[in-house]
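Participant: Start from the sequences and build out the full structure, keeping to the hints where you can.
There are 2 protein chains.
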Amino acid sequence: MPARLDATSADFADRFEGLLHAKREASEDVQTLVAGVIAEVRARGDAALIDFTARWDRQTLTPATLRIGAAEVDAATAQCDPETLAALDLAAARIEEFHRRQVPEVTDYRDASGVRLGARWTAVGAVGLYVPGGTASYPSSVLMNALPAKVAGVGRVVMVVPTPDGQLNPLVLAAAKRCGITEIYRIGGAQAVAALAYGTETIRPVDKIVGPGNAFVAAAKRLVYGTVGIDSIAGPSEILVVADAKNDPAWIAMDLLSQAEHDTSAQSILITDDDAFADAVAAAVDRHLETLPRAAIAGQSWRDHGAIVTVRDLLADAPALVDRLAPEHLELAVEDPDALAARVRNAGAIFLGRHTPEAIGDYVAGPNHVLPTARSARFSSGLNVLDFMKRTTFVGCDPAGIRAIGPAAVTLARAEGLDAHALSVALRLSAAGTQT
Amino acid sequence: MPARLDATSADFADRFEGLLHAKREASEDVQTLVAGVIAEVRARGDAALIDFTARWDRQTLTPATLRIGAAEVDAATAQCDPETLAALDLAAARIEEFHRRQVPEVTDYRDASGVRLGARWTAVGAVGLYVPGGTASYPSSVLMNALPAKVAGVGRVVMVVPTPDGQLNPLVLAAAKRCGITEIYRIGGAQAVAALAYGTETIRPVDKIVGPGNAFVAAAKRLVYGTVGIDSIAGPSEILVVADAKNDPAWIAMDLLSQAEHDTSAQSILITDDDAFADAVAAAVDRHLETLPRAAIAGQSWRDHGAIVTVRDLLADAPALVDRLAPEHLELAVEDPDALAARVRNAGAIFLGRHTPEAIGDYVAGPNHVLPTARSARFSSGLNVLDFMKRTTFVGCDPAGIRAIGPAAVTLARAEGLDAHALSVALRLSAAGTQT
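Sequence order for the protein chains is G and S.
Residue numbering for the first sequence follows our numbering, beginning at 31 and increasing consecutively.
Residue numbering for the second sequence follows our numbering, beginning at 31 and increasing consecutively.
Among these hints, one or two may not hold up.
Which copy is meant is left open, so a pair is good if it fits within one copy or across any two.
[As the list claims (entries may be wrong)] The list that follows gives simulated cross-link-like pairs (lysine to aspartate or glutamate, DMTMM-like), each with its CA atoms no further than 25 Å apart:
| hint | residue 1 | residue 2 |
| --- | --- | --- |
| 1 | Lys207 | Asp111 |
| 2 | Lys53 | Glu70 |
| 3 | Lys276 | Asp428 |
| 4 | Lys53 | Glu231 |
| 5 | Lys53 | Asp274 |
| 6 | Lys276 | Asp41 |
| 7 | Lys53 | Asp353 |
| 8 | Lys207 | Glu102 |
By construction, these hints were calculated from the structure, which means they are not laboratory data.
All figures in this text were calculated on a predicted structure; none of them were measured in a lab.
Facilitator: Here you go:
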């Protein structure tokens, strides 16, 4: 049974605190193993990649067959159902359109002292995209990770995807093709992350690695961080639905299950102001579970991590709870979702109103589906174009400009005991005729 | 002697590669010790903070004296030299002005399908600012870390600063006061990071921790990352000066030393197109070192990690080298710095022209002085207002909107084997009269 919490009960604060801090994932300690894999790839390059791929993916590769060529991509794409390809195209076009609005502008101005100031943005040079193999190999994630990089102007996007026992989802290759990715390697695991970070004879290193992966991939990304950039380490998926009694319980129940079906560690929470509605949703979940193909996973997630919280008044009481949960996905299935949204600070993405199920955002809405999990929406954002760009600030002084602001720099540098700092400014000031 | 590299010599590629990958810092393994400190603070709260502070800072505290009160801040500020306070005010005003331009705008629009899309930004709720004690206790860093948080609208900024043997730089408290920080604790090290991340009886936890620190602080920040956000882990400072022969060698030499004086692990590199100028700068460095107060540190940094690279043509040859070095600070002391800057992709901050020494950016220019080190300018940016905000995307469909884009979501969800995703959309579609 999912937990039932009542905001008006005496033990609510404690139980809600428990919900916030419950650990959902067993953390595997794979650090040592992964560090060894990375060291091997750094030392032996392609040969190590080939050995690890033989061992873990049961695939015999050579340096020449590490890469998946254009013919293989085309053949895979030709195998895909045309309707699915059309849906992929629609999704890609909408994702691109949304992300294009994130491209930042240059700032370049002279201030009142005549000092030129500004900031400009450039794309990361080369990005590696990790795509999991097996059942978690989602073409939608290829779009969500690759398209912001493309919109940012990243010149080289490299994809790695393991092909255990030779299996590879053709839609993943079709999605890569739609994103214009031409450099694809059939490798995975920590060895693929190491190859992207340090390079091998065949694979040139990248500057940043993004994309989801299992515990080995996550550990490898942590270990190579610094040598390259990484995206955040994603935890299991979460949804928080705030719903009043005017919703169809079957709809809300399916929304809760759409996160629960991802993973037994996923978490679905409902906040409502009506006990009878809460009961109706719980019953609808049980009904849906009778027919849902992934009922085993979804049911376990719902029983172990699901929760229903009842409050007196949604607008008054829900926002504070939402902010503490800081959910990855927040669905506001109420009459006036904007009023509620305006009171919420912490959420990765918000789905407004009764006709906006979270799943629409997983595929075709346009905003990114890579979002902060495990309460990290308190301090971080979903994947976006800025993750594939970096800002360089600039300053330009002429003699008048340094006369205006230089003396204060000299004073502060001296106060901090950094005389070369002070002198590097003072030398220009004395050339410009200012005493310091 | 600093390394001398000639871009036209046969061994240049190898030697430049060596410069790129030379390790400048001995990495201390403090992980286990720090994990123990964090566990103690989580278990025993204030009592652990007080014990660690007695042991390492030789200070006897109580829960009541952990906090530095307003009277102590005022008294410290009153001790400061008025000219220095005025310089601090000028710096603060300029930093605020520059950072205010970074505050992002809301996006909120309806697309061609009538789907409402957008993104809004909210400030991180509470931020902890670590300020080192002792000689690295810089008031300028208080401004650079705290003011972007204030501009972002962070409601609670908490400062921690150790006071070993009771020592505390009064200018640090004056800087905190100028930034409007009223919650300050006299604690440091891993224990202070743990208190900020997990909270104690006296200190409420924060959502994100920023600010420089020693190896213990850096290790603690890595360990609490995920529970809270952190800024990037800063490495030793770096400057790359690109200068033609028309510069005064004494100015360029002082600019190189202004980074070298930070730390024996700091790195200063000159790229020039004139051998005689290179010699003149090297000689000027040696002359400056005869009188510079921090000559021992600056001299060792210059000898161990400094380098002078000569190339044939600055505009043609320097940008590729700059991009590979991806320096924290890039000074372009040439006639037309914009032409060179336009060809550079990777740099934390650029200082344009002969009258813009890097030190002006450390204090008063306005852009942030917390910048990516150790070649991470390839994939990351300096500290800025967005580091204290997070983006929440939103989607709103009405029945017409979901009819327009829902069928593609159903198709993709089914292709990925996620039936609850498909059904959560399909339920709305059938209510809206669309077959799926």
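Participant: Now, for every hint given, state plainly whether the structure supports it.
Facilitator: Status of each hint after checking the structure:
1. In this assembly of identical chains, the alpha carbons of Lys207 and Asp111 lie at most 25 Å apart only when taken from the same copy (15 Å versus 64 Å across copies).
2. Taking the closest pair of Cα atoms, Lys53 and Glu70 come within 25 Å of each other only across two copies (20 Å); inside a single copy the shortest separation is 33 Å, beyond that limit.
3. In this assembly of identical chains, the alpha carbons of Lys276 and Asp428 lie at most 25 Å apart only when taken from different copies (16 Å versus 66 Å within one copy).
4. For a Cα distance limit of 25 Å, the shortest separation of Lys53 from Glu231 across copies, 23 Å, qualifies, whereas the shortest one inside one copy, 42 Å, does not.
5. Neither within a single protomer nor between protomers do Lys53 and Asp274 lie at most 25 Å apart by alpha-carbon distance, with minima of 29 Å and 59 Å respectively.
6. For the homomeric pair Lys276 and Asp41, neither the shortest alpha-carbon distance inside one copy (28 Å) nor that between copies (75 Å) is at most 25 Å.
7. Proximity of Lys53 and Asp353 under a CA criterion of 25 Å is satisfied intra-copy only: 19 Å inside one chain copy versus 43 Å between copies.
8. Taking the shortest alpha-carbon separations for Lys207 and Glu102, only the intra-copy value of 11 Å comes in at or below 25 Å, while the best inter-copy value is 64 Å.
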